[in-house]
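Peer 1: Chains A and B are the protein sequences, given in the same order. If you use numbering that gives the first Met the number 0, the first sequence corresponds to residues 0 to 478, in order. If you use numbering that gives the first Met the number 0, the second sequence corresponds to residues 0 to 343, in order.
No wet-lab data here; the hints were simulated from the structure. A portion of the hints provided could be inaccurate.
To be verified - Straight-line distance between alpha carbons at most 35 Å, and here's what the computed DSBU-like set of lysine-lysine pairs gives:
{"#": "1", "chain 1": "A", "residue 1": "K87", "chain 2": "A", "residue 2": "K56"}
{"#": "2", "chain 1": "A", "residue 1": "K225", "chain 2": "A", "residue 2": "K289"}
{"#": "3", "chain 1": "A", "residue 1": "K209", "chain 2": "B", "residue 2": "K162"}
{"#": "4", "chain 1": "A", "residue 1": "K398", "chain 2": "A", "residue 2": "K340"}
{"#": "5", "chain 1": "A", "residue 1": "K150", "chain 2": "B", "residue 2": "K291"}
{"#": "6", "chain 1": "A", "residue 1": "K398", "chain 2": "A", "residue 2": "K355"}
{"#": "7", "chain 1": "A", "residue 1": "K205", "chain 2": "B", "residue 2": "K291"}
{"#": "8", "chain 1": "A", "residue 1": "K209", "chain 2": "A", "residue 2": "K225"}
{"#": "9", "chain 1": "A", "residue 1": "K87", "chain 2": "B", "residue 2": "K291"}
{"#": "10", "chain 1": "A", "residue 1": "K205", "chain 2": "A", "residue 2": "K87"}
{"#": "11", "chain 1": "B", "residue 1": "K162", "chain 2": "A", "residue 2": "K289"}
{"#": "12", "chain 1": "B", "residue 1": "K162", "chain 2": "A", "residue 2": "K150"}
{"#": "13", "chain 1": "A", "residue 1": "K355", "chain 2": "A", "residue 2": "K225"}
{"#": "14", "chain 1": "B", "residue 1": "K305", "chain 2": "B", "residue 2": "K291"}
{"#": "15", "chain 1": "B", "residue 1": "K16", "chain 2": "A", "residue 2": "K205"}
{"#": "16", "chain 1": "A", "residue 1": "K340", "chain 2": "A", "residue 2": "K225"}
{"#": "17", "chain 1": "A", "residue 1": "K87", "chain 2": "A", "residue 2": "K150"}
{"#": "18", "chain 1": "A", "residue 1": "K205", "chain 2": "B", "residue 2": "K305"}
{"#": "19", "chain 1": "A", "residue 1": "K355", "chain 2": "A", "residue 2": "K205"}
{"#": "20", "chain 1": "B", "residue 1": "K162", "chain 2": "A", "residue 2": "K398"}
{"#": "21", "chain 1": "A", "residue 1": "K289", "chain 2": "A", "residue 2": "K150"}
{"#": "22", "chain 1": "A", "residue 1": "K225", "chain 2": "A", "residue 2": "K87"}
{"#": "23", "chain 1": "A", "residue 1": "K355", "chain 2": "A", "residue 2": "K340"}
{"#": "24", "chain 1": "B", "residue 1": "K162", "chain 2": "A", "residue 2": "K225"}
{"#": "25", "chain 1": "A", "residue 1": "K150", "chain 2": "A", "residue 2": "K56"}
{"#": "26", "chain 1": "A", "residue 1": "K340", "chain 2": "B", "residue 2": "K162"}
{"#": "27", "chain 1": "A", "residue 1": "K225", "chain 2": "A", "residue 2": "K150"}
{"#": "28", "chain 1": "A", "residue 1": "K150", "chain 2": "A", "residue 2": "K205"}
{"#": "29", "chain 1": "B", "residue 1": "K291", "chain 2": "A", "residue 2": "K56"}
{"#": "30", "chain 1": "A", "residue 1": "K398", "chain 2": "A", "residue 2": "K289"}
{"#": "31", "chain 1": "B", "residue 1": "K291", "chain 2": "A", "residue 2": "K209"}
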Amino acid sequence: MARALRAFLPARAVLFEEEDTRPYECDGLTAYRQLPMVVALPETEEQVQRVLITCSKLEVPVVPRGAGTGLSGGALPPGDGVLLSMAKFMRVLRVDPRARVAVVQPGVRNAVISEVAAPHGLYYAPDPSSQIACTIGGNVAENSGGVHCLKYGLTLHNVLRLRGLTIDGEPLEVGAEAPDAPGLDLLALAIGSEGMLFVVTEVAVKLLPKPQGARVIMASFDDVEKAGDAVAAVIATGIIPAGLEMMDRPATHAVEQFVAAGYDLDAAAILLCESDGTPAEVEHEIARMKAVLASAGAVRIAVSRDEAERLRFWSGRKAAFPAVGRISPDYYCMDGTIPRKRLGEVLNFIAEMERKYGLRCPNVFHAGDGNLHPLILFDANNEDELRRTEQFAGEVLEKCVAVGGTITGEHGVGVEKINQMCAQFGAAELELFHAVKRAFDPRGLLNPGKAVPTLAPCAEHGRMRVHRGALAHPELPRF
Amino acid sequence: MSLQHITERIRAAAERKLALRFRGGGSKDFYGNAPRGEVLDTRAYAGIAAYEPSELVLTARCGTPLSHVEGVLNERGQCLPFEPPHFGAATFGGCVAAGLSGPRRASAGALRDFVLGVKLIDGRGRVLQFGGQVMKNVAGYDISRLVAGSLGTLGLIAEASLKVLPRPAVELTLRLEMDEAGALEAMNRWAGEPLPISATAWHAGVLAVRLSGSDAAVSGAARRIGGAEVNYAWDAIREQSHPFFAGDGALWRLSVPSVTPALGLPGAQLIEWGGALRWIRGDAGNVRDIAKRAGGHATLFRAADKSAGAFAPLEPVLMRLHRSLKSAFDPAGILNPGRLYAEL
Numbered sequence: 000m001a002r003a004l005r006a007f008l009p010a011r012a013v014l015f016e017e018e019d020t021r022p023y024e025c026d027g028l029t030a031y032r033q034l035p036m037v038v039a040l041p042e043t044e045e046q047v048q049r050v051l052i053t054c055s056k057l058e059v060p061v062v063p064r065g066a067g068t069g070l071s072g073g074a075l076p077p078g079d080g081v082l083l084s085m086a087k088f089m090r091v092l093r094v095d096p097r098a099r100v101a102v103v104q105p106g107v108r109n110a111v112i113s114e115v116a117a118p119h120g121l122y123y124a125p126d127p128s129s130q131i132a133c134t135i136g137g138n139v140a141e142n143s144g145g146v147h148c149l150k151y152g153l154t155l156h157n158v159l160r161l162r163g164l165t166i167d168g169e170p171l172e173v174g175a176e177a178p179d180a181p182g183l184d185l186l187a188l189a190i191g192s193e194g195m196l197f198v199v200t201e202v203a204v205k206l207l208p209k210p211q212g213a214r215v216i217m218a219s220f221d222d223v224e225k226a227g228d229a230v231a232a233v234i235a236t237g238i239i240p241a242g243l244e245m246m247d248r249p250a251t252h253a254v255e256q257f258v259a260a261g262y263d264l265d266a267a268a269i270l271l272c273e274s275d276g277t278p279a280e281v282e283h284e285i286a287r288m289k290a291v292l293a294s295a296g297a298v299r300i301a302v303s304r305d306e307a308e309r310l311r312f313w314s315g316r317k318a319a320f321p322a323v324g325r326i327s328p329d330y331y332c333m334d335g336t337i338p339r340k341r342l343g344e345v346l347n348f349i350a351e352m353e354r355k356y357g358l359r360c361p362n363v364f365h366a367g368d369g370n371l372h373p374l375i376l377f378d379a380n381n382e383d384e385l386r387r388t389e390q391f392a393g394e395v396l397e398k399c400v401a402v403g404g405t406i407t408g409e410h411g412v413g414v415e416k417i418n419q420m421c422a423q424f425g426a427a428e429l430e431l432f433h434a435v436k437r438a439f440d441p442r443g444l445l446n447p448g449k450a451v452p453t454l455a456p457c458a459e460h461g462r463m464r465v466h467r468g469a470l471a472h473p474e475l476p477r478f
Numbered sequence: 000m001s002l003q004h005i006t007e008r009i010r011a012a013a014e015r016k017l018a019l020r021f022r023g024g025g026s027k028d029f030y031g032n033a034p035r036g037e038v039l040d041t042r043a044y045a046g047i048a049a050y051e052p053s054e055l056v057l058t059a060r061c062g063t064p065l066s067h068v069e070g071v072l073n074e075r076g077q078c079l080p081f082e083p084p085h086f087g088a089a090t091f092g093g094c095v096a097a098g099l100s101g102p103r104r105a106s107a108g109a110l111r112d113f114v115l116g117v118k119l120i121d122g123r124g125r126v127l128q129f130g131g132q133v134m135k136n137v138a139g140y141d142i143s144r145l146v147a148g149s150l151g152t153l154g155l156i157a158e159a160s161l162k163v164l165p166r167p168a169v170e171l172t173l174r175l176e177m178d179e180a181g182a183l184e185a186m187n188r189w190a191g192e193p194l195p196i197s198a199t200a201w202h203a204g205v206l207a208v209r210l211s212g213s214d215a216a217v218s219g220a221a222r223r224i225g226g227a228e229v230n231y232a233w234d235a236i237r238e239q240s241h242p243f244f245a246g247d248g249a250l251w252r253l254s255v256p257s258v259t260p261a262l263g264l265p266g267a268q269l270i271e272w273g274g275a276l277r278w279i280r281g282d283a284g285n286v287r288d289i290a291k292r293a294g295g296h297a298t299l300f301r302a303a304d305k306s307a308g309a310f311a312p313l314e315p316v317l318m319r320l321h322r323s324l325k326s327a328f329d330p331a332g333i334l335n336p337g338r339l340y341a342e343l
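Looking at chain A on its own, in the form it has when it is part of the complex (with noise of 0.2 Å):
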């Protein structure tokens, strides 16, 4: 396999000797682990094409790859096949502000295109925490999201086109710079596909107009269901922040003694909850979610002052994973969604098995959007803990798709959740993805065994396990 692809690509593009596949072993999903047969790292499309053309030729698997801080297992290399990094496609090719559009190659960095729009007073709205490192290929495989989500989209209502080529080397174009394509719209069925259908070798965003400014609320509760109440007062009186975030007593603890954010750890819960726009307009907005949020019984609210209290707001909430990491040896994160009126349930019914099980829960949640991410703290060299923590995990899960919610908002389902992939989705489904797939790939070479699990019977498995600090670049702020 080297050889065929050392037949048009440089030596140094071509890694196949142990020492230099093993950085490739794994993405941010570090509990699983695959040595890959060969990486290959080509630099122009038409390399690309040739090794999709090589390993199509081969029937050779093939897993394309951006940064790897995927939490989900999504680039988790194959053994006996390709890992594609497209870590080389680094170029912004065009920032056009009067049409508002950046045309970008697959491994610019998330943040880099705020960063190269910002002179323009622009910007790319989905900012996933991990935005400093993880790259717009892997947000378009995932349909990543981020803290601002709930008002301005997902990466799917933020990404206008994609270039890519097939498992066979075609060349295709899906979407356009114009606001609709002609046909069936397969810009909406490969955002978020994990890299199963074909390799972008092109992405065209959107950039938005920035805000003129952004004040952020901290408000207290002395019960955390009637913080999640007062999320769905918010949205009642027919405001959508531009954040809704919340966190519980046990993650303000664990991120203060990390970041000293200013949070009030007296309160069971905080919510954050920010307003952007002119300045009239913020100060309107932020007297009302006041209004709201005091008569929903919080308990002390606070509004960040300047630009620099309301990123030591957010700084908080964004480091709140490596903080939890801190303090236990192990957590298990989780990334279910659930309608918000049911958050206050979900909650009293983690804290149930809080008791249950003997183990703690911190939780942060993407309230705005529902999308739940409890950590359970646990010692992985505890064999009983461990097998805990899987059925906590599994039963909180369940709790997820019983309430009309799902198995993962934001993270994908990758390796990690293929297996709960039934829990959501009938027999039918399961073979309609299949075949999907089958249209785009007929022989299953890109990313086998990832996102759709086979008609298997299907077992409880899976969730995010972090063992001893152990998540890849555990540096970069998450969720």
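Following the hints, put chain B in place on chain A, whose structure we already have.
Peer 2: For chain B alone, kept in the frame of chain A given last:
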């Protein structure tokens, strides 16, 4: 009518290889290529299945009148943000299947952006659920949004969940006199600023700009943009009852990048969506090439003769994928055949 009635009908048709044509209120019979097959009337499968204003989600069955859905939302101060056209007695299912959006599209997003989940009956008569009622959901391929705008070719959208939004507190429309080039320049310039523009329409030297949002935002933007505050019939743009749309001549819909310069085509023109949607009346000759060169596409939206095909032809690789997807959802090829493309 029960779901079972529909699934049995589709199963029977699949066995006999008999084409079926899904139809709600018939408001969009004109849209796409000529429908063919036996009519499956969806109107009896109706009703709002769930609506929770604080969740910003509404779930309704396909046969529910669109006006009923909008009425129910309106009572709670909410709306369908993409402002869909009705074109008559539209149903909710037809609205999702056609995938059309109205004046607010450029700022709020398109119909597909608000689709959260569907209950779909495929060409084998199987009832399938995709997506759900939550804002974020990345489990499985995004089939719900794939079927939005698929004109019934992949299955019957029996039920759909859409994200809804609060109605803006304040709206006003400004009228400015501008030629086409000036209007295109202005619309693109404003779109790069944080202004609450929710709709634009240019026709015959007059540009209308609608502002929506909080009082503070709207009044600030009105000062910035200028022009005269007027009453403007945005409904007439959305429903195509504006005089521009009257008459029998062909109506082309060009979807292009908003910065595309004036096209210089003969025939009257009406521009929406900040320059990205251009309606052209009359025989427009090589309009498809012109749209394609601009990075967009042209749809023959209304015409007595659609022999040119309602939709712009696809690249061969995309057509091959369309055909494979069609046979994944509808192996017998009985669902709305030909409505989107002759090959599907």
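Peer 1: Can the restraint linking K205 of chain A and K305 of chain B be considered satisfied, given a maximum Cα separation of 35 Å?
Peer 2: holds (33 Å)
Peer 1: Keeping to a limit of 35 Å between CA atoms, is the pair of K162 of chain B and K150 of chain A held or broken?
Peer 2: holds (12 Å)
Peer 1: Going straight from one Cα to the other, do K398 of chain A and K355 of chain A come out at no more than 35 Å?
Peer 2: The given pair, whose Cα atoms are some 15 Å apart, holds under the 35 Å limit.
Peer 1: Below or equal to 35 Å on CA atoms is what counts here, so check K225 of chain A against K289 of chain A.
Peer 2: Holds, at about 15 Å.
Peer 1: Do the alpha carbons of K205 of chain A and K291 of chain B lie within 35 Å of each other, as the hint requires?
Peer 2: holds (20 Å)
Peer 1: Does the structure keep K355 of chain A and K225 of chain A at a Cα separation of 35 Å or less?
Peer 2: Judged against 35 Å, a Cα distance of about 23 Å means the pair holds.
Peer 1: Please verify whether K291 of chain B and K56 of chain A have alpha carbons no more than 35 Å apart.
Peer 2: holds (34 Å)
Peer 1: Holds or violated: K225 of chain A with K150 of chain A, Cα cutoff 35 Å?
Peer 2: holds (23 Å)
Peer 1: Decide if the proposed pair is consistent with the structure: K87 of chain A and K150 of chain A, CA atoms, cutoff 35 Å inclusive.
Peer 2: holds (32 Å)
Peer 1: Given the hinted pair K355 of chain A and K205 of chain A, is their alpha-carbon gap at most 35 Å?
Peer 2: violated (47 Å)
Peer 1: Sort out whether K56 of chain A lies within 35 Å of K150 of chain A, counting only the CA atoms.
Peer 2: Status violated; Cα separation ~45 Å.
Peer 1: Hey, K398 of chain A versus K340 of chain A, does the alpha-carbon distance stay inside 35 Å?
Peer 2: holds (14 Å)
Of the numbered hints stated above, those contradicted by the structure are hints 15, 19, 22, 25, listed in ascending order.
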